[in-house]
Amino acid sequence: MFKFDMQNKVEKKELLPPIPPPPPPPPPSRLGLSNPKISEMPCESTPTVCKNSHFSEISRKIGHLYMDKHLNIVSFCKPVLPVIQEGPCCGIVALSMASQFFPNRHKTVEEILAAAKLLEFTKKGEMFSAFNMATLASSVIGCEASVISNLSSNSHDILLNICRGYPVLVPYDADKNHEPCLKRGQNAHWAILCGMCLFVPDDHSSVLDKFTADSEMSNVYNMVSGTETEEILNFASETAILAYQGKSKHFGLWDLDALIQSNNNLVEVSNKYSLDDMIIPSCGLLELNDKAVLLKEKM
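Residue numbers for the sequence shown, in the numbering used here: 2 to 300.
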């Protein structure tokens, strides 16, 4: 009886379908390995051309913001790996992103913050002086850093620096959506400028004859060469700037004149933080007002 039952069970077991193979292992992000923070992701070298993902996002923003413009639009940018800030360290974060433009000299927020504290430029990451920012950049990156004033008259210098493959750091007044606003400096913030959109009227469209338009937007030209973009600067009727800042992983597309106006209205120190917790020049925000920092390789 026992033998019969066992044989019956064996025969039934043999009739069962085969056990399916185990499922493939999940991707690394699901294996309990935390994804690296954006601020910790390495950047080994300076990108030389703009990635397609940047072009796609630029085209989407252009289509949304400038769909009614009957203009030719020339875009150029250098890709940046966003860094998200923690605490009042927007300038330190902007400088960390800017360091990506210099091969093998990328600096983390922690490294730059430590250097800024050693130089007694900051207590918690705040940077209220464009001159201190230039000194800090030169010290930690080993680049040439210069402060320019009278931005309305010298905006061409900002565009030239970007076309030549280098970043520009600009303090401005940030609105709730992080765009430039006019609140007298109550939301003073730092941004890194890394690209531009030039709006070329039809009567100057011949300067674009040798370039190929975007496959989906016939009036948009995504340039991979800063040198060629520089040739078109003088034909632009308007200019928008591509900017990153430490509270978003997405870039902003801002009118250059609006950004300069926002910078020029930096006159009051925010009351969000105790003055005892910040290092502020005796002149208040005058070392931010109408100032930008150009970074480039030392000659």
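The hints are simulated quantities; they were obtained by calculation from the structure and are not laboratory data. Source: prediction; values computed, not measured. Even glycine gets a Cβ: it sits at the ideal position worked out from N, Cα and C. Among the clues, some could well be false.
Ranges between beta-carbon positions, derived for each pair [claimed, not checked]:
1) L82 to G143: 15 to 23 angstroms
2) M300 to S206: 35 to 43 angstroms
3) A214 to N272: 47 to 55 angstroms
4) L183 to S219: 30 to 38 angstroms
5) N178 to T228: 16 to 24 angstroms
Can you name, in rising order, the numbers of the hints this structure does not satisfy?
-> 5
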